[in-house]
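> Letter by letter, the chains look like this.
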Amino acid sequence: MTDTSRARPAPRRRPRPGLIAARNILVYLAKAPTSAFGLLVLALLILAAVFAPLLATHDPYAQNLTTTLQPPGAAHFFGTDELGRDIYSRLLFGARITLTIIFLVTIVVGPIGLLVGTVAGYFGGRTDTVLMRVTDIFLSFPSLILSMAFVAALGPSLNNAIIAISLTAWPPIARLARAETMIFRQADYIAAARLQGASNARIIWRSIVPMCLPSVLIRLTLNMATVILTAAGLGFLGLGAQPPLPEWGAMIATGRRYMIDSWWLVTFPGLAILSVSLAFNLLGDGLRDALDPKQMTRR
Amino acid sequence: MKALSVEKMSIRFGSVTVLPEVSFEVAAGECFGLVGESGSGKSTVLRCASLLLSSWQGEVRIGGVPVREMPLMERCRTLQMVFQDPYGSLHPRHSIRSVLSEPLRIHGLDDREARMAQALEDVGLPPDFLDRYPHQLSGGQRQRVAIARALILEPAVLLLDEPTSALDVSVQAEILNLLARLREERSFTYLMVSHDLAVIDHMCDRFAVMQAGEIVEVLPRDAIPSNQADAPYARELIGASLTYERAL
Numbered sequence: 040m041t042d043t044s045r046a047r048p049a050p051r052r053r054p055r056p057g058l059i060a061a062r063n064i065l066v067y068l069a070k071a072p073t074s075a076f077g078l079l080v081l082a083l084l085i086l087a088a089v090f091a092p093l094l095a096t097h098d099p100y101a102q103n104l105t106t107t108l109q110p111p112g113a114a115h116f117f118g119t120d121e122l123g124r125d126i127y128s129r130l131l132f133g134a135r136i137t138l139t140i141i142f143l144v145t146i147v148v149g150p151i152g153l154l155v156g157t158v159a160g161y162f163g164g165r166t167d168t169v170l171m172r173v174t175d176i177f178l179s180f181p182s183l184i185l186s187m188a189f190v191a192a193l194g195p196s197l198n199n200a201i202i203a204i205s206l207t208a209w210p211p212i213a214r215l216a217r218a219e220t221m222i223f224r225q226a227d228y229i230a231a232a233r234l235q236g237a238s239n240a241r242i243i244w245r246s247i248v249p250m251c252l253p254s255v256l257i258r259l260t261l262n263m264a265t266v267i268l269t270a271a272g273l274g275f276l277g278l279g280a281q282p283p284l285p286e287w288g289a290m291i292a293t294g295r296r297y298m299i300d301s302w303w304l305v306t307f308p309g310l311a312i313l314s315v316s317l318a319f320n321l322l323g324d325g326l327r328d329a330l331d332p333k334q335m336t337r338r
Numbered sequence: 004m005k006a007l008s009v010e011k012m013s014i015r016f017g018s019v020t021v022l023p024e025v026s027f028e029v030a031a032g033e034c035f036g037l038v039g040e041s042g043s044g045k046s047t048v049l050r051c052a053s054l055l056l057s058s059w060q061g062e063v064r065i066g067g068v069p070v071r072e073m074p075l076m077e078r079c080r081t082l083q084m085v086f087q088d089p090y091g092s093l094h095p096r097h098s099i100r101s102v103l104s105e106p107l108r109i110h111g112l113d114d115r116e117a118r119m120a121q122a123l124e125d126v127g128l129p130p131d132f133l134d135r136y137p138h139q140l141s142g143g144q145r146q147r148v149a150i151a152r153a154l155i156l157e158p159a160v161l162l163l164d165e166p167t168s169a170l171d172v173s174v175q176a177e178i179l180n181l182l183a184r185l186r187e188e189r190s191f192t193y194l195m196v197s198h199d200l201a202v203i204d205h206m207c208d209r210f211a212v213m214q215a216g217e218i219v220e221v222l223p224r225d226a227i228p229s230n231q232a233d234a235p236y237a238r239e240l241i242g243a244s245l246t247y248e249r250a251l
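If you're matching them up, the sequences are chains A and B in order. All residue numbers for the first sequence refer to my numbering, where the first residue is 40 and numbers rise by one. All residue numbers for the second sequence refer to my numbering, where the first residue is 4 and numbers rise by one.
By construction, these hints were calculated from the structure, which means they are not laboratory data. Glycine residues also receive a C-beta, built at the ideal position from the N, C-alpha and C atoms. It is possible that some hints are incorrect.
[To be verified] Residues of chain B clear of chain A, computed beta-carbon distances all greater than 10 angstroms: (1) Arg50; (2) Gly66; (3) Gln87; (4) Gly91; (5) Asp113; (6) Ala149; (7) Pro228.
[Said to hold, decoys possible] Quick list of the computed label-pair ranges, beta carbon to beta carbon: (8) A:Gln225 - B:His110: 52 to 60 angstroms; (9) B:Phe16 - A:Val173: 26 to 34 angstroms; (10) B:Ser141 - A:Ser196: 58 to 66 angstroms; (11) A:Val169 - B:Pro69: 32 to 40 angstroms; (12) A:Val173 - B:Ser190: 52 to 60 angstroms.
The following block holds chain B by itself, in its conformation from the complex (with noise of 0.2 angstroms):
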């Protein structure tokens, strides 16, 4: 269990400013969600806190140590992330098995097969699945590798780049209960991107809703059903689901 912190993260693009300044908390074992319109930052949030992209100011820590100062390994071994498209985060020339068994060979793990089958069977996949393709999956089943291959360097947190919104709603609650239960058991801290206030409501303790790359108002869950945010563009977000929602 590893807390994060981001404290003034700050990215422009050429003359662009994605982000301004951004910064929050997650408890070490909370679920934190990221929500807002397209395009107000919230992947790129998590695509600084993972250094896929590097040239950002400010800070990131988890467990109270600067990522950027972490050796790449020990890094690896701290922060994962499951991304949108299980269409496109798997390899398509990769058996699974090259998928799972690459993140061990890379940090010299023993104990493959072992470790392998573990990971499938964490995310509910038989092993027989080792040899397929992914081509040969149905999109949940994707997201189950994507998790099973995030999972098996064993990290202390998890970024979730809207890890549903790819796929149909009831696979949807497959993938969500799957993360659910992980977390459970494994005591994860979850940093949570999603544009869906029923996916942050299911999931999350607290959310920050975003907007152009700053982060308007922190709020728990509990805030949801009952619209207790105060910034307007909350309401507005909130509402706006709420209406949505009772009109289904």
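If we strip away everything but chain A, and leave its shape as in the complex, we get (with noise of 0.2 angstroms):
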């Protein structure tokens, strides 16, 4: 009886090791002033995705010739486009495609250079010389070059670009999961493991993949900002969103043209990438401190 009565509270409290550390990252992010910084802008950037509708004081598409390239002021804050669109409004709906962006970049890019990683570095062998070397046909290509070919070929759309954008980003995280697969590869933790008679694909999923997902995390929120970057320099050629999309990279591209006489066409969106890739960058750099177990775990 004594062991029901002990097993009974250990299921509800299982979670709690989770929430605990969650709850540290968080706090431990917010203490360091350059990644409270990044939290900060992120948290900007998600509400205005969020509440981009409450927030925009003008329709993002609604064109008025009337009022083409009006210099910032009461009536639109951050100034008005060729075309009249207020860009206040503007950068709040760019926002959501940013988000669109990297989200869809990172569910993609993340598992796929895990999985690639890891198998690469538990294996060894041929199995490691076969996935390596695909990844080096990736890497051998600058990143941008690389997608701007895919785009190219699946034809200029966000999505594509999305797409693109995943199959050029995923090398350098399976060569990092590999690094730090081979690490661990040997660790006495692993052959116990073995010895317990676990599959390859369990010790895979349960012994390595936990090693490897805090510096998988950090290189992906690094990553992010050289998404963003690429996304934008999709835009910027064309070979992204499409008009009339509100994209940042696009719109700098369209406003290029006026950056002469009208220099807030350019520099809002420009400011919106620089604070969103730095925030992201920062970020990562916070998180490389607080994903320490030590850290994770502390009560």
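Reassemble the complex: the two chains are provided individually, in unrelated frames, and hints are given to aid placement.
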């Protein structure tokens, strides 16, 4: 009877370590000034994206040819573009596009990179050689050039840009996961898991992936800046989001023609890209410290 | 209770022959020691016997059945290993609960909570340790958890790879007493590697002295105090250990 009474409270307590870890990470990030800035900018970005219809002063697609190229002022916070659209509202709605790109690229790239890297690192030998040569092929092209090639083949659109960016962004993750896996592969706890009869898939999923995850998460966060820049670059070249979508890179591309007389067309989307990529970089740096296992489970 | 026999085990890594040919017998319920200097191949014998290394020749039998022919699940329930370094043998991101429940899940054993509580009790840890992480435990507590993990599948043979050499002297004694008590209660067969003759003297019925991958001599425990070894290397090793103890 003592056994059952001892056993009963346990299942309820099980989710707690995860929650504690999440809270500790957030507290840790908020304490350091740089990562706190990153968190703040990202919170702003997410709020802007979620509440864009409430915060926007104008319809981002509404053209008004009587008020084209208005400088920033009370009527238009960040001015208007060459078709009289409100830049402030367009930036807010652009945040949605940026978030979509980041989210989709991350959920595609993270698992692919982890899978390829851990499998290559764990099995070694021929599996490793084949997987790593494939990775090398992707790595041997500059990512923007390769994604341009993919978009050119698939046809310019936002979705294709996301696919193209994902195809070029996974190899560094795979490389990182493989390097980490090779460190842990020989560890005694892996040997112990093998002695318990764990299958290779189980060892990779339960023992190796948790060890690789922090550095992969950090790398993904740091990668997001590159992803935003590549997306903006593709948008700028007309290969990403198509008009009239308010994508930040595309906004800069169209604003470029009016840059000399109307600085606000390029400056505000540029600042948005700069601050969001900077925020992701700072956050990634902060995560590096916060994801230390001793930090995560501190109570 | 199962006997363990190693017949003509040999392994080479590239051009280096680590074990030329090793044979010995461990009786059921016996504690058999392997001593020798660093690099003499003691741990390699354990890693081969547990099939962590598979590219060796020869035969290892447990209770008469060759380990290579045992189905994986049966092998896991026959033979378990405790590693040298308790800081490296527990997954740093797994709570003690997942460390102990993982083997139960793999083998589809039910009644997990009770088994885990029992395993912790066996090694002298309170049941609320289940929700702790390895870095929250001391070295001795970690090694107790590692022993509990090896015990939870109820194996017949335990391979002990210097289970105390990474620990403090007082903690060493605790762990050795724990291992001795468990053997009395469950009549395990132990194959224990150590470079410390005092540990072997405390634990083992018989021991083999290894040098450069070969067994120089197999001796009973009683041979230690009066240094009855015949082989010159074994005499030297025991002599050195005795002088050291006297100096203390």
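> Against each hint, give a clear statement of whether it holds in the structure.
Evaluation of the provided hints:
1. Distance check on B:Arg50: its Cβ comes as close as 8 angstroms (rounded) to a Cβ of chain A, failing to clear the 10 angstroms threshold; non-interface status is violated.
2. The non-interface label for B:Gly66 is consistent with chain A: the shortest C-beta to C-beta separation is roughly 18 angstroms, beyond 10 angstroms.
3. With a least beta-carbon separation of about 8 angstroms from chain A, B:Gln87 fails to lie farther than 10 angstroms from that chain, contradicting its non-interface assignment.
4. With a closest Cβ-Cβ approach of about 5 angstroms to chain A, B:Gly91 is found to fall inside the 10 angstroms limit, against its non-interface label.
5. Look at B:Asp113: its CB is around 12 angstroms from the nearest CB on chain A, clear of 10 angstroms, so calling it non-interface holds up.
6. A beta-carbon of chain A comes within 10 angstroms of the beta-carbon of B:Ala149; the shortest separation is about 8 angstroms.
7. With a closest Cβ-Cβ approach of about 34 angstroms to chain A, B:Pro228 is found to remain outside the 10 angstroms limit, as its non-interface label requires.
8. For A:Gln225 and B:His110, the hinted distance range of 52 to 60 angstroms is not satisfied, since their beta carbons lie about 25 angstroms from each other.
9. For the pair B:Phe16 and A:Val173, the beta carbons lie near 30 angstroms from each other, so the given range of 26 to 34 angstroms is met.
10. Range check, B:Ser141 to A:Ser196: about 59 angstroms between beta-carbon atoms, so the 58 to 66 angstroms window is met.
11. A C-beta distance of roughly 34 angstroms is found between A:Val169 and B:Pro69, which places it inside the suggested range of 32 to 40 angstroms.
12. Distance hint check for A:Val173 and B:Ser190: the Cβ-Cβ separation is about 54 angstroms, which falls inside the suggested range of 52 to 60 angstroms.
Checked against the numbered hints above, the structure breaks hints 1, 3, 4, 6 and 8 and satisfies the rest.
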